[in-house]
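Novice: These protein sequences, in sequence, are chains A and B. Numbering of the first sequence is given in our numbering, commencing with residue 1 and proceeding in unit increments. Numbering of the second sequence is given in our numbering, commencing with residue 1 and proceeding in unit increments.
Take these hints with a grain of salt, some might be off.
Claimed, not checked - Only pairs whose alpha carbons sit at most 27 Å apart, straight line, appear in this in silico DSS-like list of lysine-lysine:
1) LYS214(B) x LYS132(A)
2) LYS242(B) x LYS214(A)
3) LYS132(A) x LYS53(B)
4) LYS53(A) x LYS214(B)
5) LYS258(A) x LYS53(A)
6) LYS288(B) x LYS132(A)
7) LYS288(B) x LYS225(A)
8) LYS153(A) x LYS132(B)
9) LYS44(A) x LYS106(A)
10) LYS228(A) x LYS53(B)
11) LYS124(B) x LYS132(A)
12) LYS53(B) x LYS224(A)
13) LYS223(B) x LYS53(A)
I should point out that these hints are in silico values taken from the structure, not numbers from a laboratory.
There are 2 protein chains.
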Amino acid sequence: MIVFSLLFSFLFAMDPAPNHAPHLLTKELLDESKPSDWRYVDQKNLLYLETEKGLVLIELMELMAPNHYLNIKQLAENKFWDNIRFARSQDNYVVQWGVSNPKKMKNVKPRLKGEYFTENLPKKLLTPLEDKDTYAPFVGFFKGFPMGYHDDKTWMLHCYGALGVGRDEAFDSGSGTELYVVTGHSPRHLDLNITLVGKVRLGMELLSTLPRGKGPLGFYKDKKKGAKIKSIRVGTQLPKKKQLRLQVLRTDTDLFRKLIIARKYRQESWFHYRGGRVEVCNVPLPTKIVSK
Amino acid sequence: MIVFSLLFSFLFAMDPAPNHAPHLLTKELLDESKPSDWRYVDQKNLLYLETEKGLVLIELMELMAPNHYLNIKQLAENKFWDNIRFARSQDNYVVQWGVSNPKKMKNVKPRLKGEYFTENLPKKLLTPLEDKDTYAPFVGFFKGFPMGYHDDKTWMLHCYGALGVGRDEAFDSGSGTELYVVTGHSPRHLDLNITLVGKVRLGMELLSTLPRGKGPLGFYKDKKKGAKIKSIRVGTQLPKKKQLRLQVLRTDTDLFRKLIIARKYRQESWFHYRGGRVEVCNVPLPTKIVSK
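Same shape as in the complex, but just chain A (with noise of 0.2 Å):
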């Protein structure tokens, strides 16, 4: 390790004293949780996304989104996905499904005006990283979602995985029954300018995969080539049976401080440079399913 040393001092000397940093490996840190530093997510929160080759799980934000998180609850309600095909897959960029502009339906709004951020998030209640960041003066979590924050505005943030709502040119012309998911390198630039209203926690991998299409954008010339999503419900509206048990790590509590330590200073053996920061896409979330 002497030698390591050596050739990477003038890199450790870019930041403070990651040399000293505390032992703590992500791996062991998980070992150690108590079941109170898990939460498990609430059905009525719980997107059940089922593709032909498995299920994907997707947790719904609330707060930062309250009228499409109403109406894509109601639109899994009318089965309004059921059958239809992934419309667009783009390589490095996003999975997407539905139309933006369908019929007029029961209880569902057919527009509604863009949910970018909120001003009802008390700053108190974010878990905030302290490195820097490209696209926001401040970054952090709240339940389990990374988050952009300035003054007293809050917003989601284009991660791995983030679950928007399409819309066309205008501000109010989403509504939720057009959705994607992120499959790519994290596109901050997205962040502010649509609607994002909920997170993959498990199956990313069964979107991820998807053939890219061939098409401009991604979207396939063909529909037919798009992959067929069976059914999409909202846990509550699933037989108790059917509702599985998801747990993610919280993300205010003494463990997830120390796990962004952990991440930032990475003391696993194999790395030689434990560069002292980490990105706020970068930060894993654990989960998992719990049997009943």
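Dock chain B against chain A, hints included.
Specialist: Here is chain B on its own, set in the frame of chain A:
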């Protein structure tokens, strides 16, 4: 647009006058590009990775990792990877192939010291990106490769599509026999920890959609589940008629500097919030195959 201006005035205020950004659109810039804005990738630096589903083209970068560059070219000459299978595909991370400790081979060095950065790249040759970066003090571009730099050191970045050299724990345990490509959100914590030696220029979707392995770290439990690699060759090892003329946008031009501005201030009418910044891994690098 008045509504948007009011709604977003607080956000615009975060940046120096992005409302007055010049009208530059990526599409218009590329439409107006001159032949001198493009360069051909030298066949001696072009790796042809032939999969069962098509061709992936990777540009190698000699200056940043000269010893690994030589080894990899020799390994291709030796047909080292022909008819093997991808060993690993981990969601939101990498695909990987080859082995780290092969048998002794003619003209191939079995172990190489990590080539994590160079001191041989004068800063004036870099096109800087002025936005904040979480991981590197400074970032920019050199010959189409995203780079970090600090003092007299320059290093390649783990952006989507980066080609790296697998290694075990020791600094000199890689050789180029085991390679990986980034297929998810850019794992920039790997920067300065492992040798990068190229970037995928075409056919990335053939790697990013490979089925994920079910074993730890995305390794295929059943090795036969990995898709087959038919062959890997350098352009100069192919007959002339099999060589493809691949053009990549130059990154040392006024056009590219304008492209960066266009990506910072997104003037496309779809965007409501023009953030005024862009992350180094989010700057696209246009490429095209030119007929002979």
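Novice: Now look at each hint and say whether the structure bears it out.
Specialist: Checked hints:
Restraint check: the Cα-Cα separation between LYS214(B) and LYS132(A) comes to about 35 Å, which exceeds 27 Å; the hinted pair is violated. A C-alpha spacing of about 24 Å is found between LYS242(B) and LYS214(A), which places the hinted pair at or below 27 Å, so the restraint holds. Note on LYS132(A) and LYS53(B): the hinted pairing is violated, with a Cα-Cα distance of about 40 Å set against a maximum of 27 Å. For the hint pairing LYS53(A) with LYS214(B), the CA-to-CA distance comes to about 14 Å; that is within 27 Å, so the pair holds.
Between LYS258(A) and LYS53(A) the CA atoms are separated by roughly 36 Å; this puts the pair beyond 27 Å, and the hint is violated. About 35 Å separates the Cα atoms of LYS288(B) and LYS132(A), which puts this hinted pair outside 27 Å; it is violated. For a cut-off of 27 Å, the pair hint linking LYS288(B) to LYS225(A) stands: about 25 Å separates their Cα positions. At most 27 Å may separate the alpha-carbon atoms for a hinted pair to count; LYS153(A) and LYS132(B) meet this at roughly 21 Å.
A C-alpha spacing of about 20 Å is found between LYS44(A) and LYS106(A), which places the hinted pair at or below 27 Å, so the restraint holds. Straight-line distance between C-alpha atoms of LYS228(A) and LYS53(B) comes to about 22 Å, which keeps the hinted pair within the 27 Å bound. A hinted pair counts as satisfied when its Cα atoms are at most 27 Å apart, and LYS124(B) with LYS132(A) qualifies at roughly 25 Å. For the hint pairing LYS53(B) with LYS224(A), the CA-to-CA distance comes to about 20 Å; that is within 27 Å, so the pair holds.
For the suggested pair LYS223(B) and LYS53(A), the alpha carbons sit about 21 Å apart, so the restraint of at most 27 Å is met.
In this structure, the hints that do not hold are numbers 1, 3, 5, 6, in rising order.
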